[in-house]
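J.: For reference, the chains in residue letters:
Number of protein chains: 2
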Amino acid sequence: MLSRYLPILEWGRRYDGSTATSDLVAAVIVTIMLIPQSLAYALLAGLPPVVGLYASILPLVAYAIFGTSRTLAVGPVAVISLMTASAAGAVAAQGTTQYLEAAITLAALSGVILAVLGFLRMGFLANLLSHPVISGFITASGILIATSQIKHILGISAGGDNWPDMLGALAGAIGDTNVWTLAIGIPATAFLFWVRKGMKPALIALGLKARAADITSKAGPVIAVALTILAAIVFDLGAKGVNLVGEIPAGLPPFAMPSTDLTLIEQLWVPALLISIIGFVESVSVAQTLAAKRRQRIVPDQELIGLGASNIASAFSGGYPVTGGFARSVVNFDAGAQTPAAGAFTAVGIALASLFLTPLLYSLPIATLAATIIVAVLSLVDLKTPRELWAYSKGDFTAHIATIGITLLAGVEMGVIAGVSVGLLLYLWRASRPHAAIVGRVPETEHFRNVDRHNVFTVPHVLSIRIDESLTYLNARWLEEYVLERVAEKPELRHVILMASAVNEIDASGLESLEAINHRLRDGGIGLHFSEVKGPVMDRLKRIHFLDELNGKVFLSQSRAFAELAKDDGLQSDPPDDFPRGMI
Amino acid sequence: MLSRYLPILEWGRRYDGSTATSDLVAAVIVTIMLIPQSLAYALLAGLPPVVGLYASILPLVAYAIFGTSRTLAVGPVAVISLMTASAAGAVAAQGTTQYLEAAITLAALSGVILAVLGFLRMGFLANLLSHPVISGFITASGILIATSQIKHILGISAGGDNWPDMLGALAGAIGDTNVWTLAIGIPATAFLFWVRKGMKPALIALGLKARAADITSKAGPVIAVALTILAAIVFDLGAKGVNLVGEIPAGLPPFAMPSTDLTLIEQLWVPALLISIIGFVESVSVAQTLAAKRRQRIVPDQELIGLGASNIASAFSGGYPVTGGFARSVVNFDAGAQTPAAGAFTAVGIALASLFLTPLLYSLPIATLAATIIVAVLSLVDLKTPRELWAYSKGDFTAHIATIGITLLAGVEMGVIAGVSVGLLLYLWRASRPHAAIVGRVPETEHFRNVDRHNVFTVPHVLSIRIDESLTYLNARWLEEYVLERVAEKPELRHVILMASAVNEIDASGLESLEAINHRLRDGGIGLHFSEVKGPVMDRLKRIHFLDELNGKVFLSQSRAFAELAKDDGLQSDPPDDFPRGMI
Numbered sequence: 001m002l003s004r005y006l007p008i009l010e011w012g013r014r015y016d017g018s019t020a021t022s023d024l025v026a027a028v029i030v031t032i033m034l035i036p037q038s039l040a041y042a043l044l045a046g047l048p049p050v051v052g053l054y055a056s057i058l059p060l061v062a063y064a065i066f067g068t069s070r071t072l073a074v075g076p077v078a079v080i081s082l083m084t085a086s087a088a089g090a091v092a093a094q095g096t097t098q099y100l101e102a103a104i105t106l107a108a109l110s111g112v113i114l115a116v117l118g119f120l121r122m123g124f125l126a127n128l129l130s131h132p133v134i135s136g137f138i139t140a141s142g143i144l145i146a147t148s149q150i151k152h153i154l155g156i157s158a159g160g161d162n163w164p165d166m167l168g169a170l171a172g173a174i175g176d177t178n179v180w181t182l183a184i185g186i187p188a189t190a191f192l193f194w195v196r197k198g199m200k201p202a203l204i205a206l207g208l209k210a211r212a213a214d215i216t217s218k219a220g221p222v223i224a225v226a227l228t229i230l231a232a233i234v235f236d237l238g239a240k241g242v243n244l245v246g247e248i249p250a251g252l253p254p255f256a257m258p259s260t261d262l263t264l265i266e267q268l269w270v271p272a273l274l275i276s277i278i279g280f281v282e283s284v285s286v287a288q289t290l291a292a293k294r295r296q297r298i299v300p301d302q303e304l305i306g307l308g309a310s311n312i313a314s315a316f317s318g319g320y321p322v323t324g325g326f327a328r329s330v331v332n333f334d335a336g337a338q339t340p341a342a343g344a345f346t347a348v349g350i351a352l353a354s355l356f357l358t359p360l361l362y363s364l365p366i367a368t369l370a371a372t373i374i375v376a377v378l379s380l381v382d383l384k385t386p387r388e389l390w391a392y393s394k395g396d397f398t399a400h401i402a403t404i405g406i407t408l409l410a411g412v413e414m415g416v417i418a419g420v421s422v423g424l425l426l427y428l429w430r431a432s433r434p435h436a437a438i439v440g441r442v443p444e445t446e447h448f449r450n451v452d453r454h455n456v457f458t459v460p461h462v463l464s465i466r467i468d469e470s471l472t473y474l475n476a477r478w479l480e481e482y483v484l485e486r487v488a489e490k491p492e493l494r495h496v497i498l499m500a501s502a503v504n505e506i507d508a509s510g511l512e513s514l515e516a517i518n519h520r521l522r523d524g525g526i527g528l529h530f531s532e533v534k535g536p537v538m539d540r541l542k543r544i545h546f547l548d549e550l551n552g553k554v555f556l557s558q559s560r561a562f563a564e565l566a567k568d569d570g571l572q573s574d575p576p577d578d579f580p581r582g583m584i
Numbered sequence: 001m002l003s004r005y006l007p008i009l010e011w012g013r014r015y016d017g018s019t020a021t022s023d024l025v026a027a028v029i030v031t032i033m034l035i036p037q038s039l040a041y042a043l044l045a046g047l048p049p050v051v052g053l054y055a056s057i058l059p060l061v062a063y064a065i066f067g068t069s070r071t072l073a074v075g076p077v078a079v080i081s082l083m084t085a086s087a088a089g090a091v092a093a094q095g096t097t098q099y100l101e102a103a104i105t106l107a108a109l110s111g112v113i114l115a116v117l118g119f120l121r122m123g124f125l126a127n128l129l130s131h132p133v134i135s136g137f138i139t140a141s142g143i144l145i146a147t148s149q150i151k152h153i154l155g156i157s158a159g160g161d162n163w164p165d166m167l168g169a170l171a172g173a174i175g176d177t178n179v180w181t182l183a184i185g186i187p188a189t190a191f192l193f194w195v196r197k198g199m200k201p202a203l204i205a206l207g208l209k210a211r212a213a214d215i216t217s218k219a220g221p222v223i224a225v226a227l228t229i230l231a232a233i234v235f236d237l238g239a240k241g242v243n244l245v246g247e248i249p250a251g252l253p254p255f256a257m258p259s260t261d262l263t264l265i266e267q268l269w270v271p272a273l274l275i276s277i278i279g280f281v282e283s284v285s286v287a288q289t290l291a292a293k294r295r296q297r298i299v300p301d302q303e304l305i306g307l308g309a310s311n312i313a314s315a316f317s318g319g320y321p322v323t324g325g326f327a328r329s330v331v332n333f334d335a336g337a338q339t340p341a342a343g344a345f346t347a348v349g350i351a352l353a354s355l356f357l358t359p360l361l362y363s364l365p366i367a368t369l370a371a372t373i374i375v376a377v378l379s380l381v382d383l384k385t386p387r388e389l390w391a392y393s394k395g396d397f398t399a400h401i402a403t404i405g406i407t408l409l410a411g412v413e414m415g416v417i418a419g420v421s422v423g424l425l426l427y428l429w430r431a432s433r434p435h436a437a438i439v440g441r442v443p444e445t446e447h448f449r450n451v452d453r454h455n456v457f458t459v460p461h462v463l464s465i466r467i468d469e470s471l472t473y474l475n476a477r478w479l480e481e482y483v484l485e486r487v488a489e490k491p492e493l494r495h496v497i498l499m500a501s502a503v504n505e506i507d508a509s510g511l512e513s514l515e516a517i518n519h520r521l522r523d524g525g526i527g528l529h530f531s532e533v534k535g536p537v538m539d540r541l542k543r544i545h546f547l548d549e550l551n552g553k554v555f556l557s558q559s560r561a562f563a564e565l566a567k568d569d570g571l572q573s574d575p576p577d578d579f580p581r582g583m584i
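If you read the protein sequences in the order shown, they are chains A and B. Quick note: the first sequence uses full-length UniProt numbering, first residue 1, plus one each step. Quick note: the second sequence uses full-length UniProt numbering, first residue 1, plus one each step.
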């Protein structure tokens with residue numbers, strides 16, 4: 001029981017020296033990768049760079065204790081940083097104490113929401129984000145993030161929460177471009193693109209093994225950081241108008257308190273919920289992919305608790321919302337991490353960096369961090385998915401494009417809400433008009449198939465309807481209309497058989513519709529019968545009076561139902577008084 | 001085409017004298033019933049009584065032109081009046097011009113929402129209100145409405161939007177009870193109860209035919225109105241502190257303009273949407289019930305347009321939101337109405353009343369109207385449904401009780417929203433974990449049944465899973481977990497067959513999960529096969545590359561799939577290189 005909520009008790013018991021060595025190696029590589037990333041993502045979130053380091057220490061320790069993935073690497077990620085900037089920017093101006101407080105409070109709220117959803121086992125809510133909605137949201141976020149960083153490459157000031165505003169602000173300020181900043185930003189971006197695409201082949205050509213080349217190329221951003229710091233010092237770029245990171249207070253994360261101001265919480269809980277769900281969905285899909293590769297398992301409801309604990313830890317150590325990141329988790333996995341202890345070791349690495357390395361970062365140009373972000377997020381933009389969705393499903397395509405469009409035009413929060421709403425509306429629309437077919441017997445078999453698709457045997461006084469869906473409130477009204485319309489088309493009709501082989505559930509609204517159908521058919525002298533009702537459905541129907549009032553029978557198989565009722569050839573004008581009722 | 005949007009063109013062409021006579025008779029009876037009702041419901045909505053008359057003239061004409069039910073009687077109804085009071089009360093104080101303007105604007109917004117939903121054919125949205133939610137809402141509204149009228153019976157002032165507040169206010173003011181008001185209110189209530197329960201048997205005992213007795217007893221409220229007016233005049237009750245209706249401006253409805261103030265519209269659109277949907281659902285279920293009795297049909301999407309036109313007509317003639325009422329429609333039907341012209345004739349009757357009868361109503365005690373309301377709405381309270389739901393479905397019971405509880409405690413709007421949300425959450429929760437079964441062959445047949453319920457034949461290297469649900473984004477994650485867990489339990493496994501007889505759709509998220517399953521099973525040297533895939537599902541899968549990449553086959557029937565794969569007895573350790581792919 002305890003180890004369900006504390007997975008560390010499970011893997012910690014078998015922890016040994018060789019596992020520790022693997023975890024340590026992975027931790028060193030992830031630390032090197034994470035330092036520039038955390039600074040950059042804090043910048044993207046509109047926060048002081050050091051906040052990115054704070055968000056990469058205690059949250060990793062918390063996840064190591066509560067998380068179920070062996071290899072997930074938690075910390076600040078691009079999309080969540082963008083959402084944080086949008087939510088905190090709505091309540092305070094960047095650079096103010098209120099803005100930082102809002103970011104910390106977002107982490108705390110998000111942590112509480114995640115943990116509560118985990119304890120209530122509400123992980124299924126993440127299902128509301130379909131693949132097309134998620135991928136549309138990620139694509140649009142990638143475009144928004146990359147656009148938001150162009151100003152740092154140009155060395156200008158430009159704002160905007162949505163794409164048209166951002167582009168307009170950039171166009172308006174482009175005249176102020178600082179050429180020295182550009183001289184750092186363009187080469188840094190080009191270099192990082194090469195690191196991503198060309199460095200690994202080049203290293204292999206130089207004789208490195210594929211895996212070593214792969215991991216070494218992850219240190220590319222660190223090279224860019226080092227080189228541009230050097231350039232900034234040598235050419236005294238700070239005096240030439242190039243924005244530098246500047247003083248970063250060295251030291252461990254401070255103890256911070258999220259705000260308990262109810263007005264602020266009221267403003268932030270919806271964005272916090274969206275951050276939680278987007279973060280959870282992204283993190284779980286990364287964790288599941290990696291776990292499957294080693295035939296391990298993750299527990300989604302416990303992942304909610306793990307990520308919740310991470311975010312609460314982030315809030316109390318002056319950080320902002322975090323989640324499992326894709327790129328760093330893959331690096332962690334590839335570098336051989338065996339247990340969540342690798343995350344704890346990474347935390348130690350980042351803590352050492354924030355104690356001792358921060359003075360070195362004084363001359364780091366902001367443009368370098370912007371280049372890191374741009375190169376990282378452009379891989380989020382996925383132009384293949386819309387084409388595939390168009391070919392496969394127009395409904396899914398619509399949800400995807402709506403999510404992209406509204407995210408770009410109205411910002412990240414409206415984008416997620418619109419995507420979920422469009423997906424849900426399309427689902428409910430389809431669920432409200434499910435598939436059903438009039439069936440007949442395939443000659444010389446006991447099979448019954450759709451009369452429109454197969455050459456089958458029917459009789460005019462018996463109508464067999466196969467319903468290919470559970471009967472729930474979403475389609476209860478449809479059911480009444482469908483059955484009564486089919487009946488109205490057939491004047492000789494004496495018996496209707498509902499073939500319920502695909503009906504897994506009948507809820508109270510579905511039952512009420514069946515009662516209405518039974519009632520109306522009886523008024524018209526028509527019997528209502530059922531065939532192939534599943535065991536659990538039948539068990540529930542027996543608990544109430546429906547079967548007593550049914551003007552017909554329940555048959556075990558459709559072929560028996562059809563054989564018996566087809567014999568009733570309509571020579572009697574009314575069903576006999578002793579018409580049998582109930583289960584056969 | 002035109003007659004689809006204007007049903008009057010359909011029935012109007014065949015209109016003749018005998019139909020007109022039937023319609024006229026029904027109209028007279030409904031008019032007599034509607035006069036006290038419209039005054040009372042306007043009172044309930046917090047509006048001057050005459051507004052109830054205005055809302056019972058043009059809306060009926062509009063419905064006669066655009067509506068598809070032959071017998072639905074439109075006008076102010078209790079639940080919608082309560083919702084109007086709640087929404088208008090949130091933006092202005094009762095008795096002010098702003099309050100009346102808010103009510104008129106609600107009618108206009110509701111009319112536009114209904115008409116737009118109708119043109120977009122979005123009637124399916126009404127499905128979101130399940131039977132348990134609707135019946136819970138109606139029960140709670142009945143309790144709220146009856147409670148809100150007690151003050152008029154006692155002759156005291158008391159407010160409150162929810163039940164605890166109302167009861168508190170009543171308890172606080174009960175000392176101010178006016179005995180003369182009580183002397184009108186209690187007998188009026190008792191008389192009206194008797195009219196409802198005892199008058200029809202009494203009239204039959206006096207020799208009237210059942211139908212005549214039934215219709216005559218509908219005039220009971222008019223008798224109460226006449227007697228209490230007489231009492232008020234004879235005993236000069238106005239001077240003794242009994243609230244009377246007072247001056248009602250005689251005349252036809254004025255031309256009114258809904259507000260175009262965007263702030264007001266922003267405040268009112270959510271309540272207007274809820275009023276629209278509740279009104280539509282109630283109206284359609286009444287219309288469907290009556291139509292089925294005469295084997296007629298209604299068209300739900302056109303009903304949206306009909307009710308939309310009614311509400312717009314109500315707004316422009318100084319009325320408030322209207323919908324099809326249950327009691328008056330039944331009376332209309334029983335009195336022999338044949339076409340919507342009966343509604344138009346009723347409108348003429350009400351117009352005559354508002355021209356000539358209003359002076360007579362000067363001395364009508366408010367307590368009489370309150371008694372009318374109390375007796376009418378107590379029939380809305382349904383104590384049988386919760387017990388039936390408890391027996392049949394705990395989920396539906398939860399939605400029902402949540403709706404009642406939150407409506408009573410937090411008011412009508414929160415009640416509807418909570419009911420819909422709870423219903424949807426429970427639905428999504430169930431949809432996220434659908435039914436699936438491991439199946440085996442029933443000996444000496446070609447049938448495959450659940451291994452847990454039947455004695456069936458299986459082999460250890462073939463796993464047949466029957467999925468009893470469409471594969472959509474709501475259950476895509478479940479599908480991956482379910483299949484991979486089952487596979488992990490069986491080390492000798494070489495083939496997985498997904499029996500898709502109940503899969504009516506695979507959306508993009510479901511497809512992505514199938515791809516992930518295919519990929520992971522292939523990594524483990526296990527084939528993934530499908531059987532009994534439905535035609536439309538197969539057509540769509542063929543449009544993309546899934547079948548090319550499938551590490552297995554698609555079989556027409558489960559029995560062929562099992563027969564072929566069971567022969568592959570695992571002597572080879574890997575699937576052969578020429579492993580056949582694609583459709584057989």
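Just so you know, not all the hints are guaranteed correct.
Unchecked claim - Dumping the calculated DSBU-like pairs for lysine-lysine here, alpha-carbon to alpha-carbon at most 35 angstroms:
#	chain 1	residue 1	chain 2	residue 2
1	A	Lys384	A	Lys200
2	B	Lys209	B	Lys197
3	A	Lys384	B	Lys542
4	A	Lys567	B	Lys534
5	B	Lys197	A	Lys394
6	A	Lys293	B	Lys197
7	B	Lys542	A	Lys542
8	B	Lys209	A	Lys293
9	A	Lys293	B	Lys293
10	A	Lys384	A	Lys490
11	A	Lys384	A	Lys293
12	B	Lys567	A	Lys542
13	B	Lys394	B	Lys567
14	A	Lys384	A	Lys542
15	B	Lys209	A	Lys534
Said to hold, decoys possible - In silico negatives: residues of chain A with every beta carbon more than 10 angstroms from chain B:
#	residue
16	Trp11
17	Thr31
18	Ser157
19	Asp161
20	Gly207
21	Asp396
22	Ser470
No lab work stands behind these hints, which were simulated from the structure alone. Cβ coordinates follow ideal geometry from the N, Cα and C atoms, glycine included.
J.: Run every hint past the structure and note whether it holds.
T.: Hint check:
The suggested pairing of Lys384 of chain A with Lys200 of chain A holds, with an alpha-carbon distance near 25 angstroms, which does not exceed 35 angstroms. At most 35 angstroms may separate the alpha-carbon atoms for a hinted pair to count; Lys209 of chain B and Lys197 of chain B meet this at roughly 17 angstroms. For a cut-off of 35 angstroms, the pair hint linking Lys384 of chain A to Lys542 of chain B stands: about 18 angstroms separates their Cα positions. Using a Cα cut-off of 35 angstroms, the hinted pair Lys567 of chain A and Lys534 of chain B holds, with the two alpha carbons roughly 31 angstroms apart.
Of the supplied pair hints, the one linking Lys197 of chain B and Lys394 of chain A is violated, its CA atoms being roughly 57 angstroms apart against a limit of 35 angstroms. For a cut-off of 35 angstroms, the pair hint linking Lys293 of chain A to Lys197 of chain B is broken: about 72 angstroms separates their Cα positions. About 43 angstroms separates the Cα atoms of Lys542 of chain B and Lys542 of chain A, which puts this hinted pair outside 35 angstroms; it is violated. Annotation: proposed proximity of Lys209 of chain B to Lys293 of chain A is violated, straight-line Cα distance about 81 angstroms (limit 35 angstroms).
As the CA atoms of Lys293 of chain A and Lys293 of chain B are separated by approximately 62 angstroms, the hinted pair breaks the 35 angstroms bound. Under the criterion of a C-alpha separation no larger than 35 angstroms, the hint pairing Lys384 of chain A with Lys490 of chain A is inconsistent with the structure, at around 49 angstroms. Restraint check: the Cα-Cα separation between Lys384 of chain A and Lys293 of chain A comes to about 25 angstroms, which is no more than 35 angstroms; the hinted pair holds. A C-alpha spacing of about 42 angstroms is found between Lys567 of chain B and Lys542 of chain A, which places the hinted pair above 35 angstroms, so the restraint is violated.
At most 35 angstroms may separate the alpha-carbon atoms for a hinted pair to count; Lys394 of chain B and Lys567 of chain B exceed this at roughly 46 angstroms. Only pairs whose Cα atoms come within 35 angstroms are accepted, and Lys384 of chain A paired with Lys542 of chain A is rejected, the gap being roughly 52 angstroms. Taking the CA atoms of Lys209 of chain B and Lys534 of chain A, the gap is about 49 angstroms. The hint is violated against a cut of 35 angstroms. Every beta carbon of chain B lies more than 10 angstroms from that of Trp11 of chain A, the smallest distance being close to 18 angstroms; the non-interface claim holds.
Taking the minimum C-beta to C-beta distance to chain B, about 31 angstroms, the non-interface status of Thr31 of chain A holds against the 10 angstroms cut. The claim that Ser157 of chain A lies off the interface holds: its Cβ sits roughly 33 angstroms from the closest Cβ of chain B, which is beyond the 10 angstroms cut-off. Chain B leaves Asp161 of chain A outside its interface by the beta-carbon criterion, the shortest separation being 21 angstroms against a cut-off of 10 angstroms. With 10 angstroms as the threshold on Cβ separation, the claim that Gly207 of chain A sits away from chain B holds: the shortest Cβ distance comes to roughly 31 angstroms.
A beta-carbon of chain B is positioned within 10 angstroms of the beta-carbon of Asp396 of chain A; the least distance is around 4 angstroms. For Ser470 of chain A, the shortest C-beta to C-beta distance to chain B comes to about 8 angstroms, within the 10 angstroms cut-off, and the non-interface label is violated.
In terms of the numbered hints stated before, the structure departs from hints 5, 6, 7, 8, 9, 10, 12, 13, 14, 15, 21 and 22, listed from lowest to highest.
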